[in-house]
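Starting from the given sequences, assemble the full structure and let the hints guide the process.
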Amino acid sequence: MSNKNSAVHAKKAEIFCRDEARVDWHSKALWTVREKRDRAAGSLPEWEQLRQIGSEMKLHTLTNLGQYLEEFEKNCLENGIQVHWAKDGVEHNRIVHKILADKKVKKLVKSKSMLTEECHLNPYLEQHGIEVIDTDLGERIIQLAGDPPSHIVLPAIHMKREEVGDLFHDKLGTEAGASDPFYLTRAARAHLREQFLSADAAMTGVNMAVADKGAVVVCTNEGNADMGANLPKLQLHSMGIDKVVPDLDSASALLRTLARNATGQPVTTYSSFYRGPQKGGEMHVIIVDNGRTDMLKDKILAESLKCIRCGGCLNTCPVYRRSGGHSYNYTIPGPIGIAVGAQNDDTNSIPWACTLCGSCSYVCPTKVPLDKIIHHHRRLKAEAGKLPYGKSSYMPLVGNFMASETMLNCSMSVARTALKVLPGSLLKPFSGAWGKYRELPTAPNSSFEAWFKKNRG
Amino acid sequence: MSSKDYILNALKSSAIAPQAMPVFNVAPRIDDLVGQFETNLNTVAGTLHREGGLEALQQKVDELMAQGLQVISMVDGIKGNRAVTETAHELRDIDYAVIPGDLGVAENGAIWVNNKNLGHRVTPFICENLFLVIEADTIVANMHQAASKVTLEKGEFGTFIAGPSKTADIEQALVVGAHGACSLNVYLA
Chain A
1 MSNKNSAVHA KKAEIFCRDE ARVDWHSKAL WTVREKRDRA AGSLPEWEQL
51 RQIGSEMKLH TLTNLGQYLE EFEKNCLENG IQVHWAKDGV EHNRIVHKIL
101 ADKKVKKLVK SKSMLTEECH LNPYLEQHGI EVIDTDLGER IIQLAGDPPS
151 HIVLPAIHMK REEVGDLFHD KLGTEAGASD PFYLTRAARA HLREQFLSAD
201 AAMTGVNMAV ADKGAVVVCT NEGNADMGAN LPKLQLHSMG IDKVVPDLDS
251 ASALLRTLAR NATGQPVTTY SSFYRGPQKG GEMHVIIVDN GRTDMLKDKI
301 LAESLKCIRC GGCLNTCPVY RRSGGHSYNY TIPGPIGIAV GAQNDDTNSI
351 PWACTLCGSC SYVCPTKVPL DKIIHHHRRL KAEAGKLPYG KSSYMPLVGN
401 FMASETMLNC SMSVARTALK VLPGSLLKPF SGAWGKYREL PTAPNSSFEA
451 WFKKNRG
Chain B
1 MSSKDYILNA LKSSAIAPQA MPVFNVAPRI DDLVGQFETN LNTVAGTLHR
51 EGGLEALQQK VDELMAQGLQ VISMVDGIKG NRAVTETAHE LRDIDYAVIP
101 GDLGVAENGA IWVNNKNLGH RVTPFICENL FLVIEADTIV ANMHQAASKV
151 TLEKGEFGTF IAGPSKTADI EQALVVGAHG ACSLNVYLA
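Residue numbers (the working numbering), protein chains in the order written: chain A, 1 to 457; chain B, 1 to 189.
Be aware that one or more of the hints could be misleading.
Stated by the list, open to error - List of simulated lysine-lysine pairs, DSBU-like, C-alpha gap at most 35 Å:
id : chain 1 : residue 1 : chain 2 : residue 2
1  : A       : K36       : B       : K149
2  : B       : K154      : A       : K279
3  : A       : K74       : A       : K171
4  : A       : K103      : B       : K79
5  : A       : K87       : A       : K297
6  : A       : K11       : A       : K391
7  : A       : K171      : A       : K106
8  : B       : K79       : A       : K299
9  : A       : K98       : A       : K279
10 : A       : K367      : B       : K4
11 : A       : K107      : B       : K12
12 : B       : K79       : A       : K233
13 : B       : K149      : A       : K279
14 : A       : K106      : B       : K4
15 : B       : K12       : A       : K279
Unchecked claim - If you anchor each label on the Cβ, the simulated ranges turn out as follows:
id : chain 1 : residue 1 : chain 2 : residue 2 : range
16 : B       : I30       : A       : E78       : 32 to 40 Å
17 : A       : Q52       : B       : K149      : 20 to 28 Å
18 : A       : A190      : B       : L174      : 18 to 26 Å
19 : B       : S2        : A       : I15       : 40 to 48 Å
20 : B       : G35       : A       : E131      : 45 to 53 Å
21 : B       : F24       : A       : Y362      : 45 to 53 Å
22 : B       : N25       : A       : A21       : 43 to 51 Å
23 : B       : F24       : A       : W31       : 58 to 66 Å
24 : A       : L427      : B       : P28       : 52 to 60 Å
25 : A       : A178      : B       : P28       : 33 to 41 Å
26 : B       : G35       : A       : A450      : 56 to 64 Å
27 : A       : A190      : B       : V34       : 35 to 43 Å
28 : B       : D5        : A       : M412      : 21 to 29 Å
What the hints contain is simulated information worked out from the structure, not anything from laboratory work. Predicted, not measured: the structure shown is a model, and the values here were computed from it. Each residue gets a CB set at the ideal place from its N, CA and C atoms; glycine is no exception.
Dropping the structure here:
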């Protein structure tokens, strides 16, 4: 898919890195979330067991996906839920529009759904004259700002409170200069309440689809999904084929890890199970493929479909924290964004927005082997002849070079001397986006190997 | 070929090795369930009232009504001043809703609420403040146990509610009171 905003990851990261204080703030804010996650995970002695159960249960479901999807559909129909299947984003958007147009819907309230972002539903509906109101506070902020989300759970994490204050002053009429989060949140509550009460239809994403019940589970902290779905008489839920789980036990097991891994909460405020429409209402579920069956054909990429979109891998990723969610050339940023989005990345750069440190894989609640998948994407890009910015010419040289101990040691020695004697202005260009707005490190006197031989050898 | 057939057909080429469904044999933490529940309810910004039961709750409701506040009660034995409305939208001015919960979950402070006890499904979300009532002996240890006990019949809606609505979408600053209820008080009956 071509994107007019396409730019390689390093280029977009460089824009984010211009303001070092902001980068530090962004990194620290996310690391705080990671620490909360660690405390929540550490409070359960069975945490590792839950990760294993989550992983095996999702894999089991994926290996029998056709059967579970059909079971889910059959049970939905018995519950009075209408089910639609969409091959891709275009078909998904057409189905949604038809449902809304048949009911003459003018205003749709929407809660968070990365799938509808993936399908670019909002602009499609707006072109067809339907007003779309994002109702998650973070999503409403970025919708009013005209920005895409920069995080899958914390969509406005890139914005400072003063910027939100200015935006709300401009769009919602809050007091000029007011930036208190409590004041701004209450203003948004009042504004969005009017939208919920005047909406003709509501749409949500799906956290889990329970096959044996024919029910969808929607989790929020704000209550926006339930305020939306339970007021107008028409409710729509879009889900990727990977969202189905066999039964309530499976859904409940994932609910134990989802919020703990996302924000460190023991569970989201609301975990709502819709097993049919409200009295006199209509409920539709749209099941979407959009490239997922292709991913299942590659046994390494397939594992990325175990993801439950907690965002834990973003919070821990050193590259994400210091390059921002808008640098990935895909709707979903961070390690999981690379895993599920690299095949659509026309800049062929995002698999390299990763140090292969593996932290993401260790925090993942369903054990998605993210670093392995990202490494695999590099191989796929190389095999397809799509290595970015000269990597195809110099990577083989780097390979030979690093395989030779003498050459490597020699060059490291040169690098240490260079860091000491050459001016930063001469060296900085070699560190790329990362070094442009930061100081270079002080060079140690010897290599680690030499130090080890002297002190420990 | 329909899109359904296209997807089901494509799934036949899946490359993943078969994986058996795991057994969920997680040992529950069963010491002091009410204490665990209270700790976790506090974590999610809710408050537990262990003593006084329905009598204390009715007294609280009477005080609120005396201040002119709008209270709807779905709990037998608690009398509010508002009845279930014709449309869900007419609940927009409800200050307090009193709703029975089917069970509590010790590990996270969540309470399961089924739509049979809601009037309109939107009641626990649209009210400014929420009172939930549960019986102490319905508190289970964890979500595995909850899954086997919740009621969710064909066509129904049910939800786990853990605390009042909240958000941290502006600079990660926690604000209690987003779109759903702004406070949650839980009474043990």
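So, going through the hints one by one against the coordinates:
1. A:K36 x B:K149: Holds, because 30 Å separates the two Cα atoms, which is no more than 35 Å.
2. B:K154 x A:K279: 13 Å, holds
3. A:K74 x A:K171: At roughly 45 Å apart (the allowed maximum being 35 Å), K171 of chain A and K74 of chain A break the hint.
4. A:K103 x B:K79: 39 Å, violated
5. A:K87 x A:K297: Holds. K87 of chain A to K297 of chain A sits at ~16 Å (cutoff 35 Å).
6. A:K11 x A:K391: 16 Å, holds
7. A:K171 x A:K106: 21 Å, holds
8. B:K79 x A:K299: 60 Å, violated
9. A:K98 x A:K279: 22 Å, holds
10. A:K367 x B:K4: 29 Å, holds
11. A:K107 x B:K12: 40 Å, violated
12. B:K79 x A:K233: 29 Å, holds
13. B:K149 x A:K279: 24 Å, holds
14. A:K106 x B:K4: 29 Å, holds
15. B:K12 x A:K279: Distance ~38 Å between K12 of chain B and K279 of chain A Cα, so the pair is violated.
16. B:I30 x A:E78: 32 to 40 Å: 36 Å, holds
17. A:Q52 x B:K149: 20 to 28 Å: Check passed, 24 Å falls within 20 to 28 Å.
18. A:A190 x B:L174: 18 to 26 Å: Given a distance of about 19 Å, which is inside 18 to 26 Å, the answer is holds.
19. B:S2 x A:I15: 40 to 48 Å: Since S2 of chain B and I15 of chain A have Cβ atoms about 45 Å apart, the given range 40 to 48 Å holds.
20. B:G35 x A:E131: 45 to 53 Å: At 49 Å between Cβs, range holds.
21. B:F24 x A:Y362: 45 to 53 Å: 23 Å, violated
22. B:N25 x A:A21: 43 to 51 Å: 50 Å, holds
23. B:F24 x A:W31: 58 to 66 Å: 32 Å, violated
24. A:L427 x B:P28: 52 to 60 Å: With Cβ atoms ~58 Å apart, the hint holds.
25. A:A178 x B:P28: 33 to 41 Å: With a Cβ separation near 47 Å, A178 of chain A and P28 of chain B fall outside 33 to 41 Å, so the hint is violated.
26. B:G35 x A:A450: 56 to 64 Å: 57 Å, holds
27. A:A190 x B:V34: 35 to 43 Å: 37 Å, holds
28. B:D5 x A:M412: 21 to 29 Å: Since the Cβ atoms of D5 of chain B and M412 of chain A sit about 59 Å apart, the hinted range of 21 to 29 Å is violated.
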